[in-house]
Amino acid sequence: MARSAKNARPPGPREEAAKLSRGFGWLAVLGVVLVLAGLVGLVYTGVATLTSMLLFGWLLLIGGVVGLLHAVQARHTNFFWLGVVVAALNIAAGVVILRTPEAAAEALTMFAALLFLTGGVFRLVGSLVVRGPQFGWTLVQGAFGLLLGVLVLATWPSSSQYVIGTFFSLSLLFDGLGLVATGYGGRRIVGLVSDRLTGEEAGAAERTEDGAAVKPVQPE
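At the far end of the sequence shown sits residue 220, using full-length UniProt numbering, and the numbering has no gaps.
It should be emphasised that the hints constitute simulated quantities derived from the structure, not laboratory data. Even glycine gets a Cβ: it sits at the ideal position worked out from N, Cα and C. It cannot be assumed that every hint is accurate.
[Stated by the list, open to error] Computed spacing ranges between beta-carbons, pair by pair:
#1 GLY25 - GLY136: 36 to 46 Å
#2 LEU39 - LEU82: 39 to 49 Å
#3 LEU177 - LEU54: 20 to 30 Å
#4 VAL130 - LEU30: 33 to 43 Å
#5 LEU128 - VAL29: 41 to 51 Å
#6 ALA74 - LEU30: 34 to 44 Å
With the sequences and hints as input, model every part of the structure.
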């Protein structure tokens with residue numbers, strides 16, 4: 001057994017390149033799945049909103065339970081009651097979202113609209129006061145955020161049926177495109193490196209064969 005373990009040859013560069021190529025391939029596949037999910041969510045924004053709220057509620061609930069278990073394990077420390085309070089708030093928020101996902105979507109939509117509104121106002125005022133090198137871009141960002149916040153608030157609460165789902169689907173879409181680009185680029189780079197290693201090994205083998213062919217025979 002020891003001799004076989006000693007004789008086991010570690011994976012070479014080409015084997016490692018093949019593993020990296022497969023890993024990047026699976027990364028691209030995951031990206032394609034996310035892109036498809038984002039496109040479906042953009043078509044069915046209502047379903048995407050409900051799905052995102054249920055997912056958010058389960059994440060809060062599971063995170064609260066895990067935090068409560070950690071707090072119980074650390075009950076002899078000074079942060080025990082803080083951990084218990086935070087875990088209880090997460091569990092309560094998760095239960096409320098799971099029981100009333102529509103109302104939770106309305107509240108989150110209102111919060112997002114207020115964030116867009118205040119962020120747009122601050123960007124507009126800051127760009128007009130500072131007038132830095134990015135004045136035009138900051139002004140456009142502020143105007144866009146202000147307009148988006150006004151539009152969402154003007155159609156609230158009916159806008160809560162599609163705003164969260166649209167943002168969630170766009171996030172999936174762009175994350176998927178990023179993973180596809182990373183996987184494709186990684187496989188291409190690994191392929192170039194593997195081809196170069198193969199060429200170097202072939203050149204080394206040819207030089208070895210040429211050296212063996214011209215090697216003089218030693219007299220007996």
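Evaluated hints:
| no. | hint | verdict |
| --- | --- | --- |
| 1 | GLY25 - GLY136: 36 to 46 Å | holds (42 Å) |
| 2 | LEU39 - LEU82: 39 to 49 Å | holds (43 Å) |
| 3 | LEU177 - LEU54: 20 to 30 Å | holds (25 Å) |
| 4 | VAL130 - LEU30: 33 to 43 Å | holds (42 Å) |
| 5 | LEU128 - VAL29: 41 to 51 Å | holds (47 Å) |
| 6 | ALA74 - LEU30: 34 to 44 Å | holds (35 Å) |
Hint check: no violations occur; every hint is consistent with the structure.
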